[in-house]
Amino acid sequence: MVGALNADLGIRVDRLPAPGETVAGRDVHVLPGGKASNQAVAAARLGGSVRLVGAVGDDENGRMLREHSAAAGVDVSFVAVLPEVPTGQAIIPVDDDGENAIILVPGANGAITPAGIPAEAYVDAAVVCLSLEVPMAVVQRAAARALMAGARVVLNPSPFQPLPPSLLDATDVLIVNELEAGQLLGVPVDLDSGGVEALCSALAPHGITRLVVTRGAAGAVVIDGDEVTQLAATRVDAVDTTGAGDAFTGAVAVGLAEGRSLAEAAAEASVVAAFSATRRGAQPSYPTAAELAEFRAERA
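According to the numbering used here, the sequence shown is numbered sequentially starting from 2.
Read the hints as simulated data drawn from the structure, not as lab findings. Some hints here could point you the wrong way.
[Said to hold, decoys possible] What follows is a list of derived Cβ distance ranges for each label pair:
hint, residue 1, residue 2, range
1, Ala116, Pro160, 17 to 27 Å
2, Asp227, Asp193, 14 to 24 Å
3, Pro119, Pro18, 35 to 45 Å
4, Pro189, Thr230, 16 to 26 Å
Idealized CB from N, CA, C, for every residue including glycine.
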């Protein structure tokens with residue numbers, strides 16, 4: 002997993018504030034987060050062999066992030082410690098329905114350079130997951146390195162920004178939500194009325210024929226060549242949806258590395274994401290393989 006490590010400052014609120022509004026908060030806590038770090042921990046807890054590539058500051062938050070990832074079984078030897086900048090942070094209010102908003106402060110994530118990630122980080126990798134909380138130049142270099150190493154590139158373009166053609170050309174699997182799918186096309190996407198065809202047409206020149214569009218409570222759509230699979234959502238009483246998308250991406254990466262089809266990997270990932278929404282925080286909510294099996298059994 003290549004990308005960001007953040008210290009998440011979570012704040013419980015009755016409801017998310019409207020623009021210009023002040024609301025009272027409660028239960029402030031600092032937890033490990035960041036898209037790449039989240040995806041790595043989610044994958045490792047499911048039994049994947051995971052390497053995390055990124056940067057933190059030489060501070061308490063940076064130590065917490067490295068230690069927490071290592072405790073989950075993640076190889077953190079390629080997480081650089083940068084003494085001149087603080088560790089990245091995310092301020093995350095979460096309302097009583099489990100919905101959230103996120104403000105990112107990049108810190109060390111924004112100070113990573115392409116030259117700062119050695120080629121050895123990609124050796125023997127089956128899947129390399131990329132997201133966009135680090136500079137685009139780093140993402141592009143990571144994609145190129147992944148291809149040279151013979152790994153498949155899974156791109157989750159979040160938070161969304163315009164994607165260079167070279168990055169799309171290197172992508173094997175694209176994972177987006179409905180909003181990001183619309184941002185990619187430049188118009189809102191209706192997956193029930195021509196949206197799937199529009200996405201496929203837009204991505205075809207880049208050779209992307211495998212993608213997943215997540216739809217929250219409406220499930221997900223998996224496109225693998227000519228095969229389109231509609232996945233129903235796993236219904237739960239959500240407590241906190243923070244990091245659920247990262248849990249999904251991490252689980253898809255594990256499934257692909259284990260040789261599952263994209264539809265099979267996404268189906269398992271949807272259960273992992275649903276489980277994560279039943280607990281507070283991002284990484285603390287991710288299940289082990291045993292917990293996931295128990296969750297499935299309880300719902301059978």
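inquiry  = Taking the Cβ atom of Asp227 and the Cβ atom of Asp193, is their distance within the range 14 to 24 Å?
reply    = The hinted range 14 to 24 Å holds for Asp227 and Asp193, with Cβ atoms some 19 Å apart.
inquiry  = Verify the CB-CB distance for Pro189 and Thr230 against the hinted window 16 to 26 Å.
reply    = For Thr230 against Pro189, whose Cβ atoms are near 22 Å apart, the range 16 to 26 Å holds.
message = Between the beta carbons of Ala116 and Pro160, is the distance compatible with 17 to 27 Å?
response = holds, 24 Å
query = At the C-beta level, are Pro119 and Pro18 separated by a distance inside 35 to 45 Å?
reply = holds, 43 Å
Taken one by one, the earlier hints all hold for this structure without exception.
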